[in-house]
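Engineer: Make the full structure from the sequences, and use the hints.
Position 39 of the sequence shown, counting from 1, maps to 26 under our numbering, and the rest follow consecutively.
It is possible that some hints are incorrect.
[Unchecked claim] Distance windows between CB atoms, simulated:
hint, residue 1, residue 2, range
1, Phe2, Asp41, 56 to 64 Å
2, Leu29, Ile(-6), 32 to 40 Å
3, Asp51, Lys1, 53 to 61 Å
4, Met43, Ile20, 29 to 37 Å
5, Leu35, Glu60, 36 to 44 Å
6, Gly13, Gly34, 27 to 35 Å
7, Leu0, Asp51, 53 to 61 Å
8, Met3, Ile25, 31 to 39 Å
9, Trp49, Ala27, 27 to 35 Å
10, Tyr(-2), Ser39, 32 to 40 Å
11, Lys52, Asn4, 24 to 32 Å
Calculated directly from the structure, the hints in this document are not laboratory data. A virtual CB, placed ideally from N, CA and C, is assigned to each residue, including glycine.
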Amino acid sequence: MSRFKEIKRYYSLKFMNFIKGNGGFGLNEFLGIAAALIVAALVVIPGLRGFSEDVMTGLKTWWDKIASRIFQENTTAW
-12 MSRFKEIKRY YSLKFMNFIK GNGGFGLNEF LGIAAALIVA ALVVIPGLRG
38 FSEDVMTGLK TWWDKIASRI FQENTTAW
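Structural biologist: Structure, rendered in structure tokens:
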């Protein structure tokens, strides 16, 4: 049997066991997901606010520079 077929058979058996309820979703998995969501809420999400402010400030600076080059006020042309 080729290596690919062995891997495919292994994962198909794991999937079938999961569907049947053998080795399915337990309390440990639920607690792990809950802990990950709490960490995300306390650590990652507030950090994204500072990151997004930096990105928006950078984009505003970039746009102001581009707009001043494109839309130069040339009072001598009129």
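Engineer: So which hints don't hold here, by number, going up?
Structural biologist: 1, 11
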